[in-house]
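Engineer: Sequence:
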Amino acid sequence: MVEGDRACVACSYNLRGLPVLGLCPECGRPVMDSLRGILLEFASRDYVAKVGSGLWLVLNGILLMIVMWALTFFGRVMFSAVGVRLEGLALLVSVIGLGVSAMILFGYFRYSEPDPGFAGSERPDSARRVLRVAVIIQAAAAVIEFVMQVVLRATTIASPAVVLLPTAAVALSFIAWVVQFFAVMRYTEWLAKRVPDRLVVARARRYRWLLPLISVVGAVAMMLGPLLALVLYWTLLHRVRIHAGSILKTGRPAKLPGMLP
Numbered sequence: 044m045v046e047g048d049r050a051c052v053a054c055s056y057n058l059r060g061l062p063v064l065g066l067c068p069e070c071g072r073p074v075m076d077s078l079r080g081i082l083l084e085f086a087s088r089d090y091v092a093k094v095g096s097g098l099w100l101v102l103n104g105i106l107l108m109i110v111m112w113a114l115t116f117f118g119r120v121m122f123s124a125v126g127v128r129l130e131g132l133a134l135l136v137s138v139i140g141l142g143v144s145a146m147i148l149f150g151y152f153r154y155s156e157p158d159p160g161f162a163g164s165e166r167p168d169s170a171r172r173v174l175r176v177a178v179i180i181q182a183a184a185a186v187i188e189f190v191m192q193v194v195l196r197a198t199t200i201a202s203p204a205v206v207l208l209p210t211a212a213v214a215l216s217f218i219a220w221v222v223q224f225f226a227v228m229r230y231t232e233w234l235a236k237r238v239p240d241r242l243v244v245a246r247a248r249r250y251r252w253l254l255p256l257i258s259v260v261g262a263v264a265m266m267l268g269p270l271l272a273l274v275l276y277w278t279l280l281h282r283v284r285i286h287a288g289s290i291l292k293t294g295r296p297a298k299l300p301g302m303l304p
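Using my numbering, you'd call the opening residue of the sequence shown number 44 and step up by one each time.
Since the hints were derived computationally from the structure, they do not count as laboratory data. In this text, a Cβ means the ideal position worked out from N, Cα and C, and glycines have one as well. Heads up, some of the hints might be wrong.
Claimed, not checked - Pairs of lysine-lysine residues, derived as DSSO-like cross-links and limited to a Cα-Cα distance of at most 27 Å, are as follows:
#: 1; residue 1: Lys236; residue 2: Lys93
#: 2; residue 1: Lys236; residue 2: Lys292
#: 3; residue 1: Lys93; residue 2: Lys292
#: 4; residue 1: Lys298; residue 2: Lys236
#: 5; residue 1: Lys93; residue 2: Lys298
Stated by the list, open to error - Using C-beta positions, here's what the derived DEER-type ranges look like:
#: 6; residue 1: Leu64; residue 2: Gly142; range: 48 to 54 Å
#: 7; residue 1: Ala214; residue 2: Glu46; range: 36 to 42 Å
#: 8; residue 1: Ile81; residue 2: Thr293; range: 18 to 24 Å
#: 9; residue 1: Gly301; residue 2: Thr210; range: 41 to 47 Å
#: 10; residue 1: Met44; residue 2: Leu215; range: 22 to 28 Å
#: 11; residue 1: Ile179; residue 2: Asn103; range: 29 to 35 Å
#: 12; residue 1: Ser137; residue 2: Arg295; range: 40 to 46 Å
#: 13; residue 1: Val260; residue 2: Arg59; range: 48 to 54 Å
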């Protein structure tokens, strides 16, 4: 019999008192599957699939954002050189940027999906929950900022609310983004321990201070610092996604350099 509280890895049902060789009465999953430990390969396939798809959205959203920034920059330079006004282009960029931001934020939301196997044992201030709160705040701030940009273009009224609200939304979004970054690093470290991938664990710890340092110091060198930090960040999350995809296909993490023997 299962001694103590133990959540089913598929549906979070409490398996306490059930036969070890029995089935979960809620979803029919073998009880033994929930007693194998915390390794990601023993987690619910649905949970692993959400982690992987969330990372897919985040990683591809970041690539789209970089492409959009580059096209916007060169487009402004080219149009300004020939004296073309950019009001319509600016609105189009704002709409596309909002869509890409929504893609990235939704990806983080799926990436931070709760694992049914940890129901009841997760701390209220866990990195996963902090990440989700930060994502929700960023989404709300992005919508407010976009709406106010449209209002500012459509009206000539310079009321305090119309002027200050976009600034407040930008400031709130930046604070939430900073919180999100540290939460992602902590949550990624926790997931990497379940692979286990000691390289991701070590880098997630190091990147908490290294990436902000590279971004701030390197910002004066034609913004190469933030770009380098973004590449390192993208590479770290991409490695976790490779593991998630391998677990779904083979039942085992990917064999990558730096893995435990």
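Engineer: Each of the hints needs a verdict: does it hold here or not?
Structural biologist: Taking the hints in turn, this is what the structure says about them:
Annotation: proposed proximity of Lys236 to Lys93 holds, straight-line Cα distance about 18 Å (limit 27 Å). Distance hint between Lys236 and Lys292 is fulfilled; the C-alpha atoms sit about 20 Å from each other, no more than 27 Å. Distance restraint check for Lys93 and Lys292: the Cα-Cα separation of roughly 14 Å lies within the 27 Å cut-off, and the hinted pair is therefore satisfied. Using a Cα cut-off of 27 Å, the hinted pair Lys298 and Lys236 holds, with the two alpha carbons roughly 15 Å apart.
Taking the CA atoms of Lys93 and Lys298, the gap is about 21 Å. The hint holds against a cut of 27 Å. Hint check: Leu64 to Gly142, Cβ distance near 50 Å, so the stated range 48 to 54 Å holds. Restraint check, Ala214 to Glu46: a C-beta distance of roughly 51 Å breaks the suggested window 36 to 42 Å. Separated by about 19 Å at the C-beta atoms, Ile81 and Thr293 satisfy the suggested range of 18 to 24 Å.
For Gly301 paired with Thr210, a C-beta distance near 44 Å keeps the hint of 41 to 47 Å intact. Checked against the hint of 22 to 28 Å, the C-beta distance between Met44 and Leu215 comes to roughly 51 Å, which is inconsistent with it. Distance hint for Ile179 and Asn103: a CB-CB separation of about 21 Å, inconsistent with the stated range 29 to 35 Å. Taken as a hint, the range 40 to 46 Å holds for the pair Ser137 and Arg295, whose Cβ atoms sit roughly 44 Å apart.
Roughly 53 Å separates the CB atoms of Val260 and Arg59, a value that falls within the hinted 48 to 54 Å.
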